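Student: Mind docking chain B on chain A? Use the hints.
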Amino acid sequence: VTGPRGDADLDRLIHEPARLHIVALLFAAEEADFLYLLRETGLTKGNLSSHLTRLEEAGYLDVHKGFVGKIARTVCLLTPLGRAAFATYRAQLRALAGV
Amino acid sequence: MKTPNDAGLAATRHWNIDGLPDIEAGGLLILWGGVLAGHEIWPSRLTAIASGILPVLLVAVFLIVDALLVPRLKRRLTYPRAGYVRPRATPYRRGTAAGLGAFSAAAMMAWIAGGRGLDRPHMPSIVAGLGTLFLAYCGWRFRLPRLFAYAVAAAAVGLALPPTWPPDLGVGAFQVAVGTLLLAGGGLTLRRFLRIPVPETP
Numbered sequence: 001v002t003g004p005r006g007d008a009d010l011d012r013l014i015h016e017p018a019r020l021h022i023v024a025l026l027f028a029a030e031e032a033d034f035l036y037l038l039r040e041t042g043l044t045k046g047n048l049s050s051h052l053t054r055l056e057e058a059g060y061l062d063v064h065k066g067f068v069g070k071i072a073r074t075v076c077l078l079t080p081l082g083r084a085a086f087a088t089y090r091a092q093l094r095a096l097a098g099v
Numbered sequence: 001m002k003t004p005n006d007a008g009l010a011a012t013r014h015w016n017i018d019g020l021p022d023i024e025a026g027g028l029l030i031l032w033g034g035v036l037a038g039h040e041i042w043p044s045r046l047t048a049i050a051s052g053i054l055p056v057l058l059v060a061v062f063l064i065v066d067a068l069l070v071p072r073l074k075r076r077l078t079y080p081r082a083g084y085v086r087p088r089a090t091p092y093r094r095g096t097a098a099g100l101g102a103f104s105a106a107a108m109m110a111w112i113a114g115g116r117g118l119d120r121p122h123m124p125s126i127v128a129g130l131g132t133l134f135l136a137y138c139g140w141r142f143r144l145p146r147l148f149a150y151a152v153a154a155a156a157v158g159l160a161l162p163p164t165w166p167p168d169l170g171v172g173a174f175q176v177a178v179g180t181l182l183l184a185g186g187g188l189t190l191r192r193f194l195r196i197p198v199p200e201t202p
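Chains A and B, in that order, give the protein sequences.
FYI, our numbering numbers position 99 of the first sequence as 99, with every residue one higher than the one before it.
FYI, our numbering numbers position 97 of the second sequence as 97, with every residue one higher than the one before it.
With the rest of the complex left out, here is chain A (with noise of 0.2 Å):
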């Protein structure tokens, strides 16, 4: 996405809302889990894993599943590469903001 002035190459991978909404979720956190990003964003279970598989498979996010007991659990974490993208668009759009 380019901004009025042709500078800001926003990340398109970020840009979009439901993405953007879990990675600033994330980027707040250490880690977090299926269940929590369910609750917080409010996507449903299929929309909320196809965005996350599109992070994963962008190097921006680690997956690890496991379980507890017998319970199935899936913990995301932003890599640094993740970090950094979201950084570096927040600085794009503060930039565009003008603020």
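To be clear, the hints were calculated from the coordinates, so they are not data collected in a lab.
All clues stand as given, with none of them false.
In silico PhoX-like cross-links for lysine-lysine, where the CA-CA straight-line distance does not exceed 25 Å:
1) A:Lys45 with B:Lys74
2) B:Lys74 with A:Lys65
3) A:Lys70 with A:Lys45
4) B:Lys74 with A:Lys70
In this text the structure is predicted, and so the values were computed from the model without any measurement.
Tutor: Then chain B, alone, in the frame of chain A:
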């Protein structure tokens, strides 16, 4: 959609959803207050040893519980019911926590080693006032109503402390009372939280 600041607040609020942090803080306050209130009756030799070891030991116990036990309990208790999130420990937060821990340990060492070194009659009132303000601030900052209830109760405890008590005993008793309050409040919150049925596997 949440901004990163909102997301940070949501993570912190979620971390406090189950009452475990209250129980953790309450336990530490009870130990801390017990050491302060009780050191007057120890033999002087024991006091000298305890002044060097106990504060460090208490801070170490708190750090171990905070880093290992609470996250583990949360994974077992909180996750299946409400989801799990561990707020990000930014360098600023780590620095603040380390600074507070070091300051508290140093203050207690000085207090115990100096016998009745901080023998000021208004100390219990000052500590009670600061404790009340801190709880109220946290309640406002994290939008957790139960912290306001703790603040009101802490103010009541502060007002109820007999002014004739020695300052060490007054401060220690305040900390034990507020610690008990946090422990009870955290226990009730946890009990209520555990009644939430575990949803089907995500």
